[in-house]
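Visitor: Single-letter residue listing:
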Amino acid sequence: MKLDEIYDRYGERMYHYLALRLGSAQDAEDVLQETFCRLARYSWRWSRARDPRAFFFRVLRNESNRFLRHRINRRAGDAKSFEAADRPGPFVDAPHETSAALLSKGLAQLPDEQKEVIILKVYQEFTFKEIGAICGLSINTIASRYRYGIERLRSWREGKL
Amino acid sequence: VNEDKEKEIEILLKSVQPEPVPPALREKVLRAARQSRIENRAMTPRLWRWASCCALVLAVVLGLDAFLSGKQMKHFQSYLGGVPLLQAEPDMSLPELAKDLDEPADSRFFVQARKQLAAQKKIRGEPAGSSLAEISQEVY
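Those sequence lines, one after another, are chains A and B. Counting from 1, one number per residue, gives the positions in the first sequence under my numbering. Counting from 1001, one number per residue, gives the positions in the second sequence under my numbering.
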């Protein structure tokens, strides 16, 4: 599979994952570019992957984790270290305007591990097993993170938080 | 009830559409990836040129060596009237060879010691002959 093919198949989904997880379109573009650079450098690895989609998302996840670590280090000591959490995220208006806007804000404020699982499950339509493979965690851990995240969003929506 | 609410949240989340991908992003990302691949290649064109030159030089050296060896062999054969040179093969085992190598030195040592003893005995007025055991006893 060539890089162009990978982008055409998964590029859009990868970008959405990053935009939702990082809360910034600009950061998503940067991390996506870095991910493709990494894939280009290590093409012999992904050419042997059994499940390319999960493999690419694993690489993407590692790259976004690296970016987040770098961002946290850069802003260490800064009171605005979680500025991204205050942002509503790169969404467009949806039919359920109020609820959707509220949820998008709530999603941005979730702990990263819960947010990540929800993004992979809801938007990327991965199974718990696949998410477990991507994150290197057990299915039970992934499932509980997902449920905690959904529960938080529900509470957020109902104004309990 | 909880499951229904979970489903409702999922549906609401799905209704939140992320921003579309910027159209220029594809070219930007792929261009950067190709550039990265070129920059990080294990063998750059310059390295390829170096490797080719080294391989060529090595082949020339090996070829010349074989050619010159053959020529030298013919030269030596000409001294022997065209009889092919035989490969020298050791007809003794290594311990035997080592023994042969040690012996001359030991022999020289004992000859010298024998001469010294004979001279001393001559001074003392004793008979000059002395056995190996006597020499060893005197020396050690």
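The hints are simulated quantities; they were obtained by calculation from the structure and are not laboratory data. It is possible that some hints are incorrect.
[Claimed, not checked] Chain A stretches covered by chain B per the calculated footprint, using a threshold of three residues with CB under 8 angstroms from any CB of chain B:
| id | segment |
| --- | --- |
| 1 | 9–15 |
| 2 | 18–28 |
| 3 | 110–117 |
| 4 | 152–159 |
[As the list claims (entries may be wrong)] In silico SDA-like pairs for lysine to any residue, Cα to Cα no more than 20 angstroms straight-line:
| id | chain 1 | residue 1 | chain 2 | residue 2 |
| --- | --- | --- | --- | --- |
| 5 | B | K1014 | A | D4 |
| 6 | A | K2 | B | L1025 |
| 7 | A | K129 | A | I139 |
| 8 | B | K1014 | A | D51 |
| 9 | B | K1007 | A | D4 |
| 10 | B | K1028 | A | E113 |
| 11 | B | K1014 | A | R41 |
| 12 | B | K1014 | A | K2 |
| 13 | A | K129 | A | K2 |
| 14 | A | K2 | B | K1005 |
| 15 | B | K1007 | A | R157 |
| 16 | B | K1007 | A | R154 |
| 17 | B | K1005 | A | R61 |
| 18 | B | K1005 | A | N73 |
| 19 | B | K1028 | A | G159 |
| 20 | A | K105 | B | K1028 |
| 21 | B | K1028 | A | Q114 |
| 22 | A | K105 | A | Q26 |
| 23 | A | K129 | A | Q33 |
| 24 | A | K105 | B | P1020 |
| 25 | B | K1005 | A | S24 |
| 26 | B | K1007 | A | Y148 |
| 27 | B | K1005 | A | R50 |
| 28 | A | K105 | B | E1027 |
| 29 | B | K1028 | A | A25 |
| 30 | B | K1005 | A | Q114 |
| 31 | A | K129 | A | R41 |
| 32 | A | K2 | B | Q1120 |
Where is the CB? At the ideal position from N, CA and C, for every residue including glycine.
Visitor: Now tell me if each hint is right for this structure.
Guide: Now for the hints, and whether the structure bears them out:
Look at the segment 9–15 of chain A against chain B: 3 of its residues bring a Cβ nearer than 8 angstroms to a Cβ of that chain, three or more, so the hint holds. Judged by the Cβ-Cβ criterion of 8 angstroms, the segment 18–28 of chain A is covered by chain B as claimed, because 3 of its residues qualify and three suffice. A count of 0 residues in the segment 110–117 of chain A with a Cβ less than 8 angstroms from any Cβ of chain B is obtained; the coverage claim is therefore unmet, three being the minimum. Residues of the segment 152–159 of chain A lying with their CB closer than 8 angstroms to a CB of chain B number 3, which satisfies the three-residue condition for coverage.
Using a Cα cut-off of 20 angstroms, the hinted pair K1014(B) and D4(A) is violated, with the two alpha carbons roughly 28 angstroms apart. Between K2(A) and L1025(B), the direct Cα distance comes to roughly 17 angstroms. Compliance with the 20 angstroms bound is thereby established for this hinted pair. A C-alpha spacing of about 6 angstroms is found between K129(A) and I139(A), which places the hinted pair at or below 20 angstroms, so the restraint holds. Among the hinted pairs, K1014(B) with D51(A) is inconsistent with the structure: their alpha-carbon atoms are about 25 angstroms apart, more than 20 angstroms.
This hinted pair does not check out: K1007(B) and D4(A) have alpha carbons roughly 36 angstroms apart, beyond 20 angstroms. Between K1028(B) and E113(A), the direct Cα distance comes to roughly 30 angstroms. Violation of the 20 angstroms bound is thereby established for this hinted pair. Distance check on the hinted pair: K1014(B) and R41(A) sit about 34 angstroms apart at the alpha-carbon level, beyond 20 angstroms; violated. Proximity of K1014(B) to K2(A) is assessed by CA-CA distance (about 30 angstroms); at most 20 angstroms being required, the pair is judged violated.
Of the supplied pair hints, the one linking K129(A) and K2(A) is violated, its CA atoms being roughly 27 angstroms apart against a limit of 20 angstroms. A C-alpha spacing of about 42 angstroms is found between K2(A) and K1005(B), which places the hinted pair above 20 angstroms, so the restraint is violated. Restraint check: the Cα-Cα separation between K1007(B) and R157(A) comes to about 14 angstroms, which is no more than 20 angstroms; the hinted pair holds. A distance of roughly 11 angstroms separates the Cα atoms of K1007(B) and R154(A); the hinted pair therefore holds under the 20 angstroms criterion.
Proximity of K1005(B) to R61(A) is assessed by CA-CA distance (about 29 angstroms); at most 20 angstroms being required, the pair is judged violated. A threshold of 20 angstroms between alpha carbons decides the hint, and for K1005(B) with N73(A) the separation of about 38 angstroms lies outside it, so the pair is violated. Restraint check for K1028(B) and G159(A): not satisfied, since their Cα atoms lie roughly 42 angstroms apart, outside the 20 angstroms limit. A hinted pair counts as satisfied when its Cα atoms are at most 20 angstroms apart, and K105(A) with K1028(B) does not qualify at roughly 30 angstroms.
For the suggested pair K1028(B) and Q114(A), the alpha carbons sit about 31 angstroms apart, so the restraint of at most 20 angstroms is broken. For the hint pairing K105(A) with Q26(A), the CA-to-CA distance comes to about 18 angstroms; that is within 20 angstroms, so the pair holds. Restraint check for K129(A) and Q33(A): the C-alpha separation of about 27 angstroms exceeds 20 angstroms, so the hint is violated. For the given pair, K105(A) sits about 19 angstroms from P1020(B) by alpha-carbon distance, which is consistent with the 20 angstroms threshold.
For the given pair, K1005(B) sits about 29 angstroms from S24(A) by alpha-carbon distance, which is inconsistent with the 20 angstroms threshold. Distance hint between K1007(B) and Y148(A) is fulfilled; the C-alpha atoms sit about 14 angstroms from each other, no more than 20 angstroms. Restraint check: the Cα-Cα separation between K1005(B) and R50(A) comes to about 36 angstroms, which exceeds 20 angstroms; the hinted pair is violated. Using a Cα cut-off of 20 angstroms, the hinted pair K105(A) and E1027(B) is violated, with the two alpha carbons roughly 31 angstroms apart.
With a CA separation close to 15 angstroms, the supplied pair K1028(B) and A25(A) stays within the 20 angstroms bound. Under the criterion of a C-alpha separation no larger than 20 angstroms, the hint pairing K1005(B) with Q114(A) is consistent with the structure, at around 18 angstroms. Using a Cα cut-off of 20 angstroms, the hinted pair K129(A) and R41(A) is violated, with the two alpha carbons roughly 28 angstroms apart. Proposed proximity of K2(A) and Q1120(B) is contradicted: the alpha carbons are some 97 angstroms apart, above 20 angstroms.
Hint compliance for this structure: hints 3, 5, 8, 9, 10, 11, 12, 13, 14, 17, 18, 19, 20, 21, 23, 25, 27, 28, 31, 32 are not met, and every other hint is.
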